[in-house]
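Novice: Top to bottom, those sequences are chains S and L.
For the first sequence, numbering that gives the first Met the number 0 gives the first residue as 0, with consecutive numbering after it.
For the second sequence, numbering that gives the first Met the number 0 gives the first residue as 0, with consecutive numbering after it.
Quick caveat, the hints were computed from the structure, so don't treat them as lab data.
Take the hints with a grain of salt, since some may be wrong.
[Stated by the list, open to error] So the derived label-pair ranges between C-beta atoms look like this:
1. S:V69 with L:E56: 28 to 38 Å
2. L:K18 with S:R76: 21 to 31 Å
3. L:R326 with S:D24: 50 to 60 Å
4. S:Q39 with L:K268: 17 to 27 Å
[Unchecked claim] Quick partial rundown of chain S residues pointing at chain L, CB under 10 Å, derived from the structure:
5. K4
6. E42
7. G64
8. P84
9. G88
10. V96
Computed from a predicted model, the values in this text were never measured in an experiment.
All C-beta atoms in this analysis are idealised placements derived from N, C-alpha and C, irrespective of residue type, glycine included.
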Amino acid sequence: MSLDKATVRKIATLARIDVPEADLDATAARLSGILSWIEQLNEVNTDGVQPMSGGLDESMGLKLGWRADVVNDGGIRDKVLANAPDANGAFFGVPKVVE
Amino acid sequence: MTNLTTLTIAAARDKLAKKEFTALELTEAHLAAMEKHKALNAFITETPDIACARAKESDARIQSGKAGALEGIPLGIKDLFCTEGVQTTAASHILEGFTPQYESTVSQKLRDAGSVMLGKLNLDEFAMGSSNMTSYFGPVKSPWKAKGRSDDLVPGGSSGGSAAAVSGYLAMGATGTDTGGSIRQPASFVGIVGVKPTYGRCSRWGIVAFASSLDQAGPMTRTVRDAAIMLKVMCGHDPKDSTSAKLDVPDFEAALGKGVKGLRIGIPKEYRPDGLNGEVAALWDKGIQWLKDAGATTVDISLPHTSAALPTYYIVAPAEASSNLARYDGVRYGQRVEGRSLDEMYSKTRAAGFGFEVKNRILIGTYVLSAGYYDAYYLKAQKIRALILKDFSDAFAKVDAILTPTAPTAAFGLNDKQDDPVAMYLNDVFTVPANLAGIPGASVPAGLNSEGLPLGLQVLTKRWDEETMFRVCQVLEDAAQFPYLTVTP
């Protein structure tokens, strides 16, 4: 699988990572190299195989933990905001979104 | 007085109890070693004030007979574990200056057991790497050198700071995390013990996430016994991690002396590919013989999907990483680069904040999850993952444990050319399958190659059977008589 420049530009937009125009070709070549190595998986027969979606041990009957749907945390606004680059009073500050 | 930094955790625990020295003296000896070996760059953040304060608290608890399981033991914490009030970076620029307001469950458990935190250890950025070369805070140097040579070697990765600190006698033990081999491969490179427990043994809460279905925390120590002591403290159910298992934690240390008599040890043929390093293959044969000598029988087994594991990992791990790392948006924590719009701020922040390898993996992960490609890549990988798990389940119907080499080579040079990502990924070829299957694995130092560099052997067992894993590890350690003391403290 070989990625073209346009595809890399699209992925970079989806990933919200600014990739300069000048780097697109090199990035495409690098990612294509990794993807073509991954292509070997096409040779593995997976007909009728149930996908494994996580690391949990279903054979042990272990399931994702559940808890009661109740508030068990909160009231720590200052802690939540402590690392914000722009803690605007009691809010996270961001560039203007609505004109 | 004995050299305090070369003691094992087990010995220090006993000597502290007998009051042969104080916890403060033990901690100060390690802080002095850290000062002396700053050039290793093992730590991103040193916390001497916290260490001394906690050591004094330990001394008070020892005096009053209330010592915990790791009372007064100086440990390093990989800088992927959030530590309350202490900068936690994941070795990334994007998290530089991030000061968690909470403590990870694992580091809290270690603290509750009385251990002393020396500082936060260097790693590959977001634990993505096998050399510790991707850290924003610079590479870590291994304390080891090849015979007759002076050039620096990598400690492996991603837990490279942990590996260097423990093998270089800067810490008695350290936490690591292992997503594809990040505990076991560095442990092999520097001649220490590294244990990745069963997925779900250790809570992942408060550990900066890389690939959530693969990440597990574990101990890195100089002996098998020390790993057993430390792992027991780190494990246990945590309601804050929905994948944390509600199972009792065994007394791993009690299993150590049980030997391997009567155990069936599987030797998978796929781990001996054409071109396997001759010294690695020879050491593996030696390990097989040690286990036979101790009364185990070996069984030739096949794990047919072994060669598919690494490329499968490089779909699953980047996919999960691209999702997990979406949170670094310059809004809630970490670095921000301003932009004219919200999207521009995101894109510039992430371009400036993430390093080369992390960006690579996020882009790969975004691609394999994107519309039109999900089935071809991610779903295919999930199915192969099921086949890899089945390989192991079939094998463990016939054997109690599996013995393999940990890594395909010994440590390589810090300045070796590393421009082929796939060549770097191959470091994890023997360790990745255990993460995909969720089974426990450990690396034990087993010998030195002709250059005088450590090589490790890996022991794998079925899920939740760390006790058998520790029994095998102990026999290997006893037989190997590994010369870890050859590094000058």
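Novice: Determine for every hint whether it applies to the structure shown.
Specialist: Here's how the hints hold up against the structure:
1. The hint said 28 to 38 Å for the Cβ distance between V69 of chain S and E56 of chain L, and at roughly 35 Å that hint holds.
2. K18 of chain L and R76 of chain S have their C-beta atoms about 47 Å apart, which leaves the hinted 21 to 31 Å range violated.
3. For R326 of chain L and D24 of chain S, the Cβ-Cβ distance of about 30 Å falls outside the hinted range of 50 to 60 Å, so the restraint is violated.
4. Checked against the given bound of 17 to 27 Å, the beta carbons of Q39 of chain S and K268 of chain L, roughly 19 Å apart, stay inside it.
5. Annotation: interface hint on K4 of chain S violated; nearest CB of chain L at approximately 13 Å, more than 10 Å.
6. Hint status for E42 of chain S relative to chain L: holds, with the closest Cβ pair at about 8 Å, below 10 Å.
7. Hint on G64 of chain S holds. Least Cβ distance to chain L is approximately 4 Å, under the 10 Å limit.
8. Taking 10 Å as the C-beta cut-off, the interface hint given for P84 of chain S holds, the closest approach to chain L being about 4 Å.
9. At its closest, the beta carbon of G88 of chain S sits 15 Å from a beta carbon of chain L; the interface hint therefore is violated under the 10 Å criterion.
10. Taken as an interface hint, V96 of chain S checks out: its beta carbon lies about 5 Å from the nearest beta carbon of chain L, inside 10 Å.
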